[in-house]
Each structure stands twice: as structure tokens, then as C-alpha cells.
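Please put together the full structure from these sequences, using the hints given.
The chain contents come next:
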Amino acid sequence: MGIISKVHPVRSHSNAAQGGINAALQPEDSWESHAYDTVKGSDFLGDQDAIEIMCREAPEEILHLEHLGVTFHRNEEGQLGTRAFGGASAARTYYVADITGQAILHVLYEQLMKHEEVERFEEWFTTALVKDDAGRIAGAVTRNIRDGSLELFSARAVIVATGGNGQLFSPTTNALICTGDGIAMAYRAGAPLMDMEMVQYHPTTLAGLGLLITEGARGEGAHLYNAQGERFMEKYAPNKMELASRDVVSRAEQTEIDEGRGFPDGTVALDITVVPRKRIHEALREIVNVGRDFAGVDITREPIHIKPGNHYVMGGVKTDINGQTGVPGLYAAGECACISVHGGNRLGANSLLDTLIFGRRSGQHAAASGRGLPVPEPAKAELAAEREMIDSIVSRERSGRRVSELKAEMGAVMDKDCSVFRDEGRLQGALEVIKRLQEEVTTVAVDDKGSVFNQDVLGVLELQFMLDNAECTLVGALERRESRGAQFRTDFPERNDGEWLKHINLTANGDVPAVSFSEVTMTQWQPEERKY
Amino acid sequence: MSDFTLKIRRYDPESGEPAFWHEYPVDLPPERSVLDGILQIKDREDASLAIRCSCRAAICGSCGVRINGKSALACNTRISDAARRAGPGKPIVVEPMGNMPVLKDLIVDMDAVHWKKIMRVVPWLLPAGEPPEREYTVPAEAMIDVTQSMACIQCGVCVSACLSLEVDPQFVGPAALAKAYRFVGDPRDGQTEERLRDLAEDPHGIYDCTHCFACIEVCPKDVAPMSQIMRLRRRATGDFEIKDSNNGYGHERGFVNIIERWGTLHEAQVLPRSFGEGSFVKGQVKPSAVKQLAETLPTALRGLRSGKVTPKKVIVHPKLPDQARVRKVMHTIESKPRLELNLYIVGDNSGEEQGAMAEGSQEL
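Same order as they appear, the protein sequences are chains A and B. So for the first sequence, this note's numbering puts the first residue at 1; every next one is plus one. So for the second sequence, this note's numbering puts the first residue at 1; every next one is plus one.
Rather than coming from a laboratory, the hints here were simulated on the basis of the structure. The structure presented is a predicted model; accordingly, all values stated were derived computationally and were not measured. Among the hints, a few may not be true.
What the hints assert, rightly or not - Dumping the calculated SDA-like pairs for lysine to any residue here, alpha-carbon to alpha-carbon at most 20 Å: (1) K116/B / H115/A; (2) K116/B / E440/A; (3) K449/A / S15/B; (4) K116/B / E123/A; (5) K449/A / D12/B; (6) K449/A / L126/B; (7) K114/A / D12/B.
Written out as C-alpha cells, the structure reads:
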């Protein structure tokens with residue numbers, strides 16, 4: 001068993017999950033309530049069997065993490081304490097200040113250091129998944145970033161846990177490593193992707209840099225105001241106000257901004273000063289630092305300007321409730337996977353939960369079903385092909401634009417034409433840009449001709465992964481002619497359950513992905529009008 | 001937009017050439033970061049310039065470097081601040097972190113130093129017995145307390161800045177010791193005393209820190225590694241009375257006893273008391289203490305020769321005006337229960353928090 005990661009594992013983007021992790025663990029709460037909130041949050045596109053599993057297993061998962069050493073916040077009695085979060089009907093978010101993801105990631109890495117039987121390949125970059133002749137997964141081709149050597153790993157099962165693809169957009173809250181590598185590799189290997197159009201714009205990100213201000217701020221009571229000093233959420237979600245689901249709050253903000261009630265820098269204001277200072281220091285310390293270091297604002301004393309910004313992809317590699325993808329032996333878990341528990345919109349503090357529950361289930365299933373199988377011998381030709389591909393990039397003479405220029409063009413067009421509000425014309429235009437960039441990237445050259453830490457050539461591979469992601473996002477967004485969850489089509493402004501209560505599946509098929517549909521699994525909750 | 005110049009230390013292990021300096025112009029709004037400057041160089045001029053980076057928000061811990069000689073994360077150092085500190089007309093100097101081997105350009109070998117040291121402190125929870133059915137019931141304050149160490153992002157900036165490490169590469173170091181406190185301070189851990197004894201007896205452990213504050217100054221997450229080391233010491237000496245062979249216990253007891261008794265530091269008594277577990281008599285008669293005292297003779301002689309120590313001072317320590325008050329303060333502090341406070345509890349030292357902070361430091 002081994003873990004391959006293109007960065008040291010503690011650099012992974014789970015660090016950025018600030019606010020917490022949901023579980024119905026209190027006696028007065030119930031997993032059904034958590035599940036209903038999640039279904040409603042998903043705008044009824046989530047698969048209810050998967051959601052039920054996630055919400056039912058959540059309490060056990062929290063306790064498991066607690067036993068491993070996560071330093072969860074306690075109440076006065078010394079037991080696990082909660083905070084409120086968006087779209088939830090009970091305060092069921094467990095947290096460590098506003099570094100919950102970091103605390104969990106680092107505690108899990110402590111356990112990895114303890115369990116030396118799990119081999120770690122840190123700073124190894126996977127370039128392609130490899131199948132055997134029967135179409136079953138057989139391994140992966142991976143480059144050791146430290147010395148540039150390329151290896152072919154054999155594996156009975158492979159779990160892709162490579163996170164999201166926020167770098168398709170500029171700006172984004174996502175880290176530079178979130179380039180959708182695993183989504184693209186699984187897609188190229190023949191695994192269907194699902195609901196790729198469902199891209200979450202988080203309501204509170206810093207303008208320009210795109211850095212995240214946790215939803216925990218609103219969970220602790222912070223308010224949103226437009227430039228006229230109106231607490232505008234009254235108009236859009238009179239019951240839940242700032243704690244409506246993210247798609248609702250982001251659309252409200254964007255409407256205020258588009259209709260001229262925002263600040264000149266295209267933002268609205270988040271006022272955290274209503275939260276007691278002691279509580280801010282105890283529970284929101286990280287965003288005190290973010291405000292100070294990256295916006296020059298003391299959030300304990302003045303409002304901070306924020307806007308909706310790219311944050312999370314609900315779609316991804318289509319999997320079943322055990323993480324299995326369309327390719328035998330290939331699994332996906334975490335943000336790169338689409339089970340789907342988030343449907344059209346993910347609730348805050350459900351992402352860590354999804355990752356942990358379905359990561360565990362994938363691991364258990366992969367181990368159980370891989371046991372007894374012979375170790376496959378992936379074809380050496382795959383290794384040679386990848387080596388040739390990389391060598392050809394490195395040896396190419398510069399003839400056109402730089403990698404960074406292509407990436408910047410992609411990020412700008414995706415943020416402009418595939419964000420909170422979308423329409424066919426703009427999506428079509430964006431798709432043409434992406435198709436052009438897919439051509440151009442095959443001729444791009446690099447400055448770094450070496451082997452050691454050649455980040456330049458890896459940047460080209462990442463850009464190719466991202467362009468595949470972007471194409472699928474746009475094709476899905478064009479296909480879904482309705483407004484549901486994070487997808488709002490100004491040319492189809494209503495949710496249309498008659499025609500579109502279904503998942504969009506995309507499979508690699510030459511020039512354009514093949515589109516097919518699959519049913520949404522419903523257990524006990526029928527679609528209803530969604531109000532907060 | 002403003003113009004800045006970054007002077008970056010480049011090194012390519014494949015070239016066969018030694019490291020060299022290169023200056024790059026960058027054009028950025030003043031509120032952007034040094035990392036943004038480096039990324040602009042990569043984007044526009046030379047993408048072979050290597051630096052680890054990911055989140056741009058001081059949470060992933062990848063981009064530790066030295067800027068104008070000071071260890072920091074490139075992403076949360078404002079480029080205009082760096083330019084100001086470099087001085088008028090001077091470039092912003094960026095080089096790889098210290099105390100760790102350089103692999104390429106701004107990338108150092110964290111595994112060889114930082115992670116090796118982390119492994120030294122047994123960096124996982126060792127609970128006593130089977131876990132309870134529900135969560136462990138622990139005081140809320142204890143969880144907030146260890147959260148300060150938990151806030152560490154393993155960036156290695158403190159390791160880079162540590163002066164003790166520079167002198168003694170075997171020193172366990174600020175990051176790993178802060179990690180150790182994360183377990184020692186965690187009421188769920190069942191090996192508190194064993195962990196403390198291990199780190200107190202290690203000649204490169206908790207008593208190898210020279211109290212220079214460099215790690216506190218550079219830490220981008222306010223983990224205050226040195227404060228965590230001092231907490232480890234207080235727990236080792238105060239709570240478990242671990243009489244270590246490095247004389248850490250003796251040294252602390254010696255200091256406290258001298259101040260309690262005289263209200264001033266009687267230098268001539270420090271060494272005997274340190275070697276004698278805090279007691280002046282023991283320090284003169286215990287065979288091991290006598291041996292250690294004899295070993296310090298050359299230092300004492302050097303002091304005599306330079307005039308730092310005089311025979312008179314050795315016997316009669318010069319009087320200070322407020323010795324009685326110092327003794328009183330000491331007794332007041334000692335009579336109160338020890339209270340550990342950190343930033344997660346009291347916040348930054350500003351505005352209305354000042355009262356709480358001042359009270360906190362008094363309790364400490």
C-alpha cells in the first residue's frame with residue numbers, strides 16, 4: 001500500500017477547510033435532519049442513498065477522529081461543542097477554531113507517520129493511469145519531482161483523491177495545486193464524469209486574490225451589507241438570512257453588485273464586528289490573520305469587502321457509494337469524486353465529511369476487493385509513451401505564448417462566463433476559447449530543461465489536465481438547460497424537475513465528450529420548492 | 001503598480017555551477033506578497049525558478065524562505081514591507097531557508113532536517129487504554145491551549161531561524177518541540193511524563209533552547225514555539241519534578257531559590273545550585289556536582305581574568321535598590337496557581353484585551 005502525492009501531504013488543500021465538519025451527534029439532532037438539509041442544499045440533485053450513508057456514518061467518524069487526537073472544540077462540560085453553519089437546521093458543525101481541515105489533515109498525517117507500513121511517495125507527480133488489456137486498472141505512471149525519474153507503479157486498485165479543480169478559474173479560493181489532475185486522468189482512462197457544471201461560488205472571498213473568509217464568520221453571527229448599508233439578505237432569504245445555502249447567498253450578493261448596490265470594487269461588506277472580540281480570537285483567529293495580512297483590515301474593528309468567488313466543484317468522477325468509478329479497480333474519493341452527495345450545491349462543512357466517509361469506504365472496498373487478485377503487470381509501453389511526451393515538451397523550442405499566458409486566459413474566461421450567472425452565448429464563447437487553448441497547449445515550450453524540481457514541465461501537464469476539466473464543465477453547463485443549485489442560466493431561470501432532475505454524465509470520446517444521463521436516487525425526500 | 005527588485009539566490013544542482021545571485025524586476029501593487037513577485041518572475045521571465053508554493057494564504061506551509069536574511073513565508077510577507085526593510089535603492093534579497101540543505105533555488109530538503117526532527121518526538125497521540133465510547137471528556141481550555149501548537153503548519157520557518165540549531169544541528173528544534181507540547185498538553189495522551197522525561201534527558205532536548213525568541217518572532221502562525229518549549233520545561237520541573245542529567249531542573253530550581261532568598265541573582269551560586277538540583281550545599285558535596293563544577297573551572301578562570309568575576313563579587317554580591325520588592329513579587333507569583341494562557345484565549349495584545357494580557361503575564 002502506498003500514497004503518491006505531488007506535494008508533501010500536509011500541504012494538501014484540505015488545510016483550507018476552515019469552518020468545520022457536520023455530524024448529527026447531539027441527542028436532540030438526527031441524521032435524517034442532516035440528510036434532509038443536505039438534500040435540500042443540493043437542490044434535490046444529490047443521490048439520497050449516498051447522502052443517507054454519509055449522514056448516518058458522520059457521528060462515528062467524528063468520534064473516530066476525536067480518538068485519533070483531533071483537538072475539537074469543547075463545551076463547558078468538556079464534551080464536543082458545535083457551531084452554526086449555512087443551510088443547516090441545527091448547530092451540528094464540529095470544529096477546531098477555524099483550522100478544522102488543517103487539524104484533521106495534520107492528525108491524519110500523524111497517524112501516517114505512526115503506520116510505517118504505508119509507504120509514502122511525497123513529491124511524486126502522477127501523469128497517467130494505466131489499464132490492463134481487460135480494461136481493469138493496473139497502475140500509474142509517476143514522476144519523482146526531486147530527480148525527474150519516471151516510474152511505472154503496479155496496483156490492484158487505485159484510489160484517486162486529488163481534490164478539486166479551482167485553478168480553472170481566476171481568481172479562486174483554491175490553492176495552486178488544485179488543477180483537477182485526477183479528474184482528467186480518470187476521464188482519459190475512460191471513467192465517466194458527472195455534474196461537472198456544478199461549480200460552487202463561495203459567498204465570502206476577498207476581491208482580487210480570491211482568498212477565503214470562512215462561513216464560520218456568518219455562523220458566529222456576522223452580517224452582510226450592501227454599499228447602501230442594507231442587510232440585503234432580508235430580501236433573498238428572510239428566514240435563514242446570511243446562513244442560507246451558499247448558492248443562494250452568492251447569487252444575492254452578485255445581484256446586489258450587478259444592480260449597482262455594491263462597492264466600487266465590485267464587492268459587498270461582511271461585518272464581523274458584531275461577534276464579540278473574545279469569540280473572534282478563540283474561534284476565527286485565522287481570518288483575523290487573513291484580513292490583516294492580505295486585505296489590510298482588522299476584522300474585529302471594521303467590515304471587510306468580499307464577493308462570491310470560485311471555491312468548490314460538486315461534480316467529478318462518477319462513483320458509487322463505495323467509491324468505484326466506471327473503470328474496474330479505479331476509485332475516486334473527496335472533491336474529485338461525484339457520488340453525488342452534494343448535487344447542485346454543497347453545504348458548508350459537508351466537504352470534509354464527504355472526503356472522510358467516502359475516502360474510508362473507498363479504501364475498505366479497494367482493499368477487500370483487491371485482496372487475492374494477482375499484482376497486475378502494466379504495459380511498459382505506457383511508461384515509454386509518457387516519457388516521450390514529457391521529453392518532447394522539454395525539448396521543444398519556444399514559438400508562441402508562455403504557459404502562464406494560456407492559464408491566465410483560461411482562468412479569466414471561466415470566471416467571466418461560467419460563474420454565478422450563465423447563458424448559452426457566453427458558455428459557447430468560453431468553450432471556443434478552451435478548444436483553442438487545447439490546441440495551443442500542444443505547442444507550448446518551457447524554460448526549465450532540467451530534471452530536478454522541474455516545475456515548469458509539470459505546469460504544462462497540469463494545464464492540459466485543467467483544459468480537459470474546463471471543457472467538461474462548459475459542456476455540462478451548456479447541456480443543463482435549467483437553473484438548479486450553483487448552475488443559474490439566465491436564459492433558463494427556473495428549475496425544471498420534469499426534464500432536468502437527472503445527472504449529466506460525460507465520457508471521453510475523441511473531440512467532444514459523449515453526453516448521457518443517469519437517474520437521481522431518491523429515498524424519502526421528493527423535490528419541493530427551495531426556500532431559506 | 002510599483003516597481004520592485006528581487007535579488008534571488010539561484011542554484012541548479014545539475015549545472016555543476018555554484019549558487020549565484022540574480023536580480024529580477026517585478027511590477028506589483030504594494031499590498032501584494034513577495035511570493036506574488038516570485039510567481040510573476042516565473043510567469044513572465046523564467047519559469048525554471050523553483051519554489052514550493054500552493055495556497056498563497058499562509059495555510060499550506062510550502063513557501064518558507066529568507067527575505068533580507070529573515071526567515072518567513074513568502075506569501076504573507078508584503079512586498080512593499082520587504083522593500084522598505086531592504087532599504088532605499090536596495091533589492092529585496094530572497095534566499096532559501098537556513099539550517100536545511102538546498103535542493104534547487106529556493107527549495108530545501110525538509111525531510112533531512114525538519115521531518116526527521118518531528119519523528120523524534122513520537123508525533124502521534126498515545127492514549128492510555130481503550131478510547132471511551134463517546135468522545136474523551138476534557139477541559140475546554142486544554143483543547144484551546146493545544147490548538148496553538150496545532151496551528152503549526154510545518155513550514156520550517158522557525159527551524160530556519162533557530163540559532164541553537166545553527167550551533168547544535170542535533171537540537172530537536174522549535175517546530176518538533178512545539179509538536180511535542182501538542183501531545184504533552186493534550187489531556188488524552190497517556191505518556192505525558194515519559195515524553196517529558198525523554199525530552200528533558202536528551203542533551204539536545206528542551207534544555208538546549210537558548211531562549212533567543214527568534215522562532216517566536218518569525219512564526220507566521222503565532223505558534224510561539226519557544227513558549228511551548230518553556231511550557232514543556234514548566235511541566236517537566238513543576239509538575240513532574242524530573243531531575244534530568246542536563247541540570248535543567250537544577251538550574252531552574254537554583255535560579256528560583258536564589259531570587260526567593262535574595263531578590264537578586266547571585267551569580268557565584270548559580271552553577272553549584274544547578275549541579276545540586278537547586279541546593280547550594282548539595283552542589284558542593286554531591287560527587288557528580290563536584291565533578292561538573294571542576295569542569296567549569298576554565299570558564300570561571302576566564303571570567304576572573306577578564307574582570308567579569310572578582311573574588312569580592314563571588315563572596316559579597318552587590319546590592320540592588322529593590323531586592324525586597326523583587327522577593328515579594330516572586331512570592332506573590334509562586335503562591336498563585338500556574339495559569340497557561342495563549343493567543344487563542346487572550347487575543348492579540350491590543351485595545352481592551354490589554355487588561356487580560358497584562359493579568360495573564362503576571363500569572364505566568
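Here's how the hints hold up against the structure:
1. Under the criterion of a C-alpha separation no larger than 20 Å, the hint pairing K116/B with H115/A is consistent with the structure, at around 15 Å.
2. Note on K116/B and E440/A: the hinted pairing is violated, with a Cα-Cα distance of about 44 Å set against a maximum of 20 Å.
3. A threshold of 20 Å between alpha carbons decides the hint, and for K449/A with S15/B the separation of about 11 Å falls inside it, so the pair holds.
4. Annotation: proposed proximity of K116/B to E123/A holds, straight-line Cα distance about 17 Å (limit 20 Å).
5. Of the pairs offered as hints, the one joining K449/A and D12/B holds, with about 11 Å between alpha carbons and a cut-off of 20 Å not exceeded.
6. Between K449/A and L126/B the CA atoms are separated by roughly 47 Å; this puts the pair beyond 20 Å, and the hint is violated.
7. For the suggested pair K114/A and D12/B, the alpha carbons sit about 35 Å apart, so the restraint of at most 20 Å is broken.
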